[in-house]
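2 protein chains.
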Amino acid sequence: MVGKSQLKLIKSLRLKKYREEKRMFIAEGRKGVLELLDSDLVCEGIYAVDPEALPPLPLEVVPVSNKELQQMSALKTPAGVLGVFRIPAQEEPLSSGVVLALDDVRDPGNLGTIIRLCDWFGIPQLLCSPNTVDCYNPKVVQATMGSLSRVRMAYKDLPEFLAHDERPVYIADMDGINTYEASWPEELILVMGNEANGLSEAVRELATGVLSIPRFGEGNRTESLNVATATAILLSEFRRNNP
Amino acid sequence: MVGKSQLKLIKSLRLKKYREEKRMFIAEGRKGVLELLDSDLVCEGIYAVDPEALPPLPLEVVPVSNKELQQMSALKTPAGVLGVFRIPAQEEPLSSGVVLALDDVRDPGNLGTIIRLCDWFGIPQLLCSPNTVDCYNPKVVQATMGSLSRVRMAYKDLPEFLAHDERPVYIADMDGINTYEASWPEELILVMGNEANGLSEAVRELATGVLSIPRFGEGNRTESLNVATATAILLSEFRRNNP
Numbered sequence: 001m002v003g004k005s006q007l008k009l010i011k012s013l014r015l016k017k018y019r020e021e022k023r024m025f026i027a028e029g030r031k032g033v034l035e036l037l038d039s040d041l042v043c044e045g046i047y048a049v050d051p052e053a054l055p056p057l058p059l060e061v062v063p064v065s066n067k068e069l070q071q072m073s074a075l076k077t078p079a080g081v082l083g084v085f086r087i088p089a090q091e092e093p094l095s096s097g098v099v100l101a102l103d104d105v106r107d108p109g110n111l112g113t114i115i116r117l118c119d120w121f122g123i124p125q126l127l128c129s130p131n132t133v134d135c136y137n138p139k140v141v142q143a144t145m146g147s148l149s150r151v152r153m154a155y156k157d158l159p160e161f162l163a164h165d166e167r168p169v170y171i172a173d174m175d176g177i178n179t180y181e182a183s184w185p186e187e188l189i190l191v192m193g194n195e196a197n198g199l200s201e202a203v204r205e206l207a208t209g210v211l212s213i214p215r216f217g218e219g220n221r222t223e224s225l226n227v228a229t230a231t232a233i234l235l236s237e238f239r240r241n242n243p
Numbered sequence: 244m245v246g247k248s249q250l251k252l253i254k255s256l257r258l259k260k261y262r263e264e265k266r267m268f269i270a271e272g273r274k275g276v277l278e279l280l281d282s283d284l285v286c287e288g289i290y291a292v293d294p295e296a297l298p299p300l301p302l303e304v305v306p307v308s309n310k311e312l313q314q315m316s317a318l319k320t321p322a323g324v325l326g327v328f329r330i331p332a333q334e335e336p337l338s339s340g341v342v343l344a345l346d347d348v349r350d351p352g353n354l355g356t357i358i359r360l361c362d363w364f365g366i367p368q369l370l371c372s373p374n375t376v377d378c379y380n381p382k383v384v385q386a387t388m389g390s391l392s393r394v395r396m397a398y399k400d401l402p403e404f405l406a407h408d409e410r411p412v413y414i415a416d417m418d419g420i421n422t423y424e425a426s427w428p429e430e431l432i433l434v435m436g437n438e439a440n441g442l443s444e445a446v447r448e449l450a451t452g453v454l455s456i457p458r459f460g461e462g463n464r465t466e467s468l469n470v471a472t473a474t475a476i477l478l479s480e481f482r483r484n485n486p
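So the protein lines, in turn, are chains A and B. First residue of the first sequence? That's 1 in this note's numbering, and the numbers climb one at a time after it. First residue of the second sequence? That's 244 in this note's numbering, and the numbers climb one at a time after it.
Take the hints with a grain of salt, since some may be wrong.
[Unchecked claim] Derived DEER-like restraints, expressed as beta-carbon distance ranges: (1) B:Pro298 / A:Pro168: 37 to 47 Å; (2) A:Glu205 / B:Pro298: 48 to 58 Å; (3) A:Leu57 / B:Lys310: 13 to 23 Å; (4) A:Glu160 / B:Leu258: 47 to 57 Å.
No lab work stands behind these hints, which were simulated from the structure alone. Glycine residues also receive a C-beta, built at the ideal position from the N, C-alpha and C atoms.
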């Protein structure tokens with residue numbers, strides 16, 4: 001059984017304001033919850049309609065009714081299992097190696113996909129501008145499929161960070177170098193822009209290289225690739241050159 | 244003004260059954276509608292809350308109220324402009340060159356993104372298994388951002404098609420050849436699988452090559468990439484080798 005105040009607290013976590021106040025977030029679905037449990041994250045509680053269906057866990061699972069889960073869940077169709085986790089303290093971004101940075105990426109599905117890509121391609125650090133969607137937003141957590149615990153996240157003022165870092169800064173933009181012909185140093189900051197407006201002027205000014213993914217076909221007029229698919233292609237190119 | 248029966252007809256087009264019966268589909272949003280108007284597709288009608296805001300068009304725009312648009316629209320927040328277009332007759336898939344094939348891709352957002360990728364990378368033919376989501380589904384049309392008219396679409400039984408085609412058949416799957424080390428012939432059929440279940444056994448048996456996108460990082464456990472991001476990476480590799 002889950003108490004009323006607990007239920008209210010969990011429900012509030014779909015809003016960033018309350019996540020920041022309580023320093024907690026929710027994850028939903030058996031797979032995602034189990035993956036986060038198997039990470040360094042601190043779990044505050046697991047709630048399930050059918051606790052018997054879960055493997056043995058290091059903490060007690062609270063049985064809840066479908067109606068209670070519906071009230072806690074941020075999903076239209078709750079996934080049967082919900083976990084509450086502590087938001088870890090933000091660590092300083094890694095000062096060596098490769099960093100992917102996002103300049104105001106707003107769509108939760110895009111950020112979730114990008115976190116999963118960082119995990120896949122072994123990109124240890126994802127750096128987000130303060131206006132990038134919150135990585136503890138339930139829709140982002142859902143889309144990461146458990147990758148969230150394996151990628152180091154930080155929110156920082158990008159121009160300030162870039163100005164004080166010595167690594168080359170590559171941006172993805174129009175009219176740059178052909179991505180396939182670019183040189184890809186091992187240590188690098190790659191910045192991707194907002195879905196509608198691309199990169200901010202302040203970030204553009206700090207770029208040391210501009211990469212473009214070539215378009216193919218005569219008279220091709222496709223305007224742009226989705227930011228998550230463009231990130232997939234660029235991280236793939238980075239790793240092809242730096243396995 | 245839009246008549247009641249017209250309104251009812253347009254509303255019905257969010258269902259595949261009626262799209263197939265009427266051979267029509269809807270597109271929403273200024274940009275998408277204008278791009279489809281500028282293609283070979285036949286337009287049956289344009290409806291807009293503010294017709295004056297549109298550039299001069301070869302057919303009359305029907306002014307509608309917000310309430311009427313709401314009733315026609317398949318979107319939660321209608322985009323102000325809606326076009327009704329005729330579904331073109333399905334042409335036989337191209338028998339030469341490169342083909343991307345989808346084995347039961349179900350998510351409209353994924354199919355839309357993949358159509359956009361085909362357009363970007365100049366892949367002329369997209370071949371879908373009969374259980375792949377309908378490309379005239381309003382959410383797919385929305386996600387293609389106008390690319391739909393520039394990629395040749397066909398729905399066909401995949402195993403039958405593959406069995407009678409002489410081009411090499413590459414599939415994206417686990418435990419295959421490293422994508423970056425594969426040879427990429429100019430003529431090729433590349434098949435991507437379903438979001439949850441991957442490729443069907445029948446398609447697997449007809450493969451002449453299996454490609455895997457390598458994972459990086461020690462002990463990496465990420466299970467799979469989203470089908471649209473995996474497609475992005477593979478089409479990029481195809482074009483890098485066949486510019």
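Cross-check of the supplied hints:
1. B:Pro298 / A:Pro168: 37 to 47 Å: Because 43 Å falls inside the window, the suggested range holds.
2. A:Glu205 / B:Pro298: 48 to 58 Å: Once the Cβ atoms are compared, 35 Å apart, the range 48 to 58 Å for B:Pro298 and A:Glu205 is violated.
3. A:Leu57 / B:Lys310: 13 to 23 Å: Violated, at about 51 Å.
4. A:Glu160 / B:Leu258: 47 to 57 Å: For A:Glu160 and B:Leu258 the Cβ distance comes to about 52 Å; the hint holds.
Checked against the numbered hints above, the structure breaks hints 2, 3 and satisfies the rest.
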